[in-house]
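Taken in order, these protein sequences are the chains called C and H.
Per this note's numbering, residue 1 is the first one in the first sequence, and the count goes up by one each step.
Per this note's numbering, residue 1 is the first one in the second sequence, and the count goes up by one each step.
Rather than coming from a laboratory, the hints here were simulated on the basis of the structure.
Careful: at least some of the hints might be erroneous.
[What the hints assert, rightly or not] Some chain H residues flagged as far from chain C (calculated, every beta-carbon gap over 12 Å):
(1) N28
(2) Q47
(3) P84
(4) P87
(5) G90
(6) Q98
(7) R130
[Claimed, not checked] In silico DSBU-like pairs for lysine-lysine, Cα to Cα no more than 30 Å straight-line:
(8) H/K126 x C/K128
(9) H/K39 x C/K69
(10) C/K127 x C/K69
(11) C/K127 x H/K103
(12) C/K69 x H/K126
(13) H/K121 x H/K103
(14) C/K127 x H/K126
(15) C/K127 x C/K53
(16) H/K121 x C/K69
(17) H/K39 x C/K53
(18) C/K69 x H/K103
(19) C/K128 x H/K39
(20) H/K39 x H/K103
(21) C/K128 x C/K53
(22) C/K53 x H/K103
(23) C/K128 x H/K123
(24) H/K127 x C/K128
(25) C/K69 x C/K53
[As the list claims (entries may be wrong)] Now the in silico label distances, taken between C-beta atoms and shown as ranges:
(26) H/L79 x C/S36: 51 to 57 Å
(27) H/K127 x C/K128: 24 to 30 Å
(28) H/I83 x C/S36: 51 to 57 Å
Note that CB positions come from ideal geometry on N, CA and C, so glycine has one too.
For reference, the chains in residue letters:
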Amino acid sequence: MALYNIFDISGSGMSAQNIRLNTTASNLANADSISSSINQTYRARHPVFEAVKDSVVRQETALGGVTVKGIIESSAPTRIEYRPEHPLANEDGNVFLPNVNVVEEMANMISASRTYQANVQVADTAKKLLQRTISLGQ
Amino acid sequence: MAINFNNALGVHQQALEVRGKRAEILANNLVNADTPGFKARDIDFRQILSNAQSSRMGLMKTHKSHIDSRSNSDFHEFLQYRIPFQPDTGDGNSVDSQIEINKFSENALQYQASLNFLSNKFKGLKKALRGE
Numbered sequence: 001m002a003l004y005n006i007f008d009i010s011g012s013g014m015s016a017q018n019i020r021l022n023t024t025a026s027n028l029a030n031a032d033s034i035s036s037s038i039n040q041t042y043r044a045r046h047p048v049f050e051a052v053k054d055s056v057v058r059q060e061t062a063l064g065g066v067t068v069k070g071i072i073e074s075s076a077p078t079r080i081e082y083r084p085e086h087p088l089a090n091e092d093g094n095v096f097l098p099n100v101n102v103v104e105e106m107a108n109m110i111s112a113s114r115t116y117q118a119n120v121q122v123a124d125t126a127k128k129l130l131q132r133t134i135s136l137g138q
Numbered sequence: 001m002a003i004n005f006n007n008a009l010g011v012h013q014q015a016l017e018v019r020g021k022r023a024e025i026l027a028n029n030l031v032n033a034d035t036p037g038f039k040a041r042d043i044d045f046r047q048i049l050s051n052a053q054s055s056r057m058g059l060m061k062t063h064k065s066h067i068d069s070r071s072n073s074d075f076h077e078f079l080q081y082r083i084p085f086q087p088d089t090g091d092g093n094s095v096d097s098q099i100e101i102n103k104f105s106e107n108a109l110q111y112q113a114s115l116n117f118l119s120n121k122f123k124g125l126k127k128a129l130r131g132e
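For reference, chain C alone in the conformation it holds in the complex (with noise of 0.2 Å):
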């Protein structure tokens, strides 16, 4: 039954979102992480996304859904500042700010939530379908 597999589907996609949401809030949380040197530097994550490839279970074809490949670290340039009274500037006076991007991260989070919702109201309405479906002819 081809209905059984959407809560396995939908499930792949609640669990990449929620990655993708944990990436956002660990950027946000450290978007003012400030270092003394460039390697200590945070830089913003992303997860990757990738599907699943198709398998055949019992001669039918299953969907796979979707999984994190990876999580990719920004290449963008990190902030310098030039702060001599901050305890930790080094010897040059100059402190070293993450690259996150906090209005990107914003809309990233917005856009993980929103298709977080989407997967779950796939799931609510196959359970919903499959529910009437087995009432049937009752």
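Position chain H against the provided structure of chain C, taking the given hints into account.
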């Protein structure tokens, strides 16, 4: 005269199966809305339904090496790519969430319609059996 479910239920049982499969395909499109390089897919309902109907009859096998023309519950060969409204999204993804959600809701309603048809068929059969 024996009751034959295939004759009594008509096309609706196959329709239900195809609707269920389509729901799965559309759900898969939706979860891959943010996957780079993913292309949205769908099926041609008319084509797949006529195949599901004809697979009931099929060809007779008179030799063990004959290919079975009936066993066709696999929909994979009928999957087609959707033509996107926006050809280049920057990451090669052709899923439009709004379209997929609408198609999914539409498909869910059609599934319920098929269920209602089936339910009425069963009610008719019950009435005939009771002979009231």
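Evaluated hints:
Residue-level check failed: H/N28 sits 4 Å from the nearest beta carbon of chain C, not beyond 12 Å. At roughly 16 Å from the closest C-beta of chain C, the C-beta of H/Q47 stays outside 12 Å, upholding its exclusion from the interface. With a least beta-carbon separation of about 16 Å from chain C, H/P84 lies farther than 12 Å from that chain, consistent with its non-interface assignment. The beta carbon of H/P87 sits about 19 Å from the closest Cβ of chain C, which is more than 12 Å, so the claim that it is off the interface holds.
H/G90, annotated as away from the interface, keeps every beta carbon of chain C farther than 12 Å; the closest lies near 14 Å. Its beta-carbon lying about 10 Å from the closest one in chain C, H/Q98 breaks the requirement of being farther than 12 Å from that chain. Separation of H/R130 from chain C is adequate, the least Cβ-Cβ distance of about 14 Å exceeding the 12 Å criterion. A threshold of 30 Å between alpha carbons decides the hint, and for H/K126 with C/K128 the separation of about 25 Å falls inside it, so the pair holds.
Taken as a hint, the H/K39 and C/K69 pair is honoured in the structure, with Cα atoms around 17 Å apart against an allowance of 30 Å. For the hint pairing C/K127 with C/K69, the CA-to-CA distance comes to about 29 Å; that is within 30 Å, so the pair holds. Pair hint C/K127 plus H/K103 holds up; C-alpha atoms about 17 Å apart against a cutoff of 30 Å. For the hint linking C/K69 to H/K126, the alpha-carbon distance of about 53 Å lies beyond 30 Å, and the restraint is violated.
Among the hinted pairs, H/K121 with H/K103 is consistent with the structure: their alpha-carbon atoms are about 27 Å apart, no more than 30 Å. About 27 Å separates the Cα atoms of C/K127 and H/K126, which keeps this hinted pair within 30 Å; it holds. With a C-alpha separation of about 24 Å, the suggested pair C/K127 and C/K53 falls inside the 30 Å cut-off, and the hint holds. Of the pairs offered as hints, the one joining H/K121 and C/K69 is violated, with about 48 Å between alpha carbons and a cut-off of 30 Å exceeded.
Under the criterion of a C-alpha separation no larger than 30 Å, the hint pairing H/K39 with C/K53 is consistent with the structure, at around 13 Å. Our distance criterion of 30 Å between C-alpha atoms is met by C/K69 and H/K103, whose separation comes to about 28 Å. Between the alpha carbons of C/K128 and H/K39 the distance comes to roughly 28 Å, so the proposed pair stays at or under 30 Å and holds. Restraint check: the Cα-Cα separation between H/K39 and H/K103 comes to about 16 Å, which is no more than 30 Å; the hinted pair holds.
A distance of roughly 27 Å separates the Cα atoms of C/K128 and C/K53; the hinted pair therefore holds under the 30 Å criterion. For the given pair, C/K53 sits about 23 Å from H/K103 by alpha-carbon distance, which is consistent with the 30 Å threshold. Among the hinted pairs, C/K128 with H/K123 is consistent with the structure: their alpha-carbon atoms are about 21 Å apart, no more than 30 Å. With a C-alpha separation of about 27 Å, the suggested pair H/K127 and C/K128 falls inside the 30 Å cut-off, and the hint holds.
With a CA separation close to 13 Å, the supplied pair C/K69 and C/K53 stays within the 30 Å bound. For H/L79 and C/S36, the hinted distance range of 51 to 57 Å is satisfied, since their beta carbons lie about 55 Å from each other. Checking the proposed 24 to 30 Å range against H/K127 and C/K128 shows it holds: the Cβ atoms sit about 27 Å from each other. One distance hint, 51 to 57 Å for the beta-carbon pair H/I83 and C/S36, holds here, with the actual separation near 54 Å.
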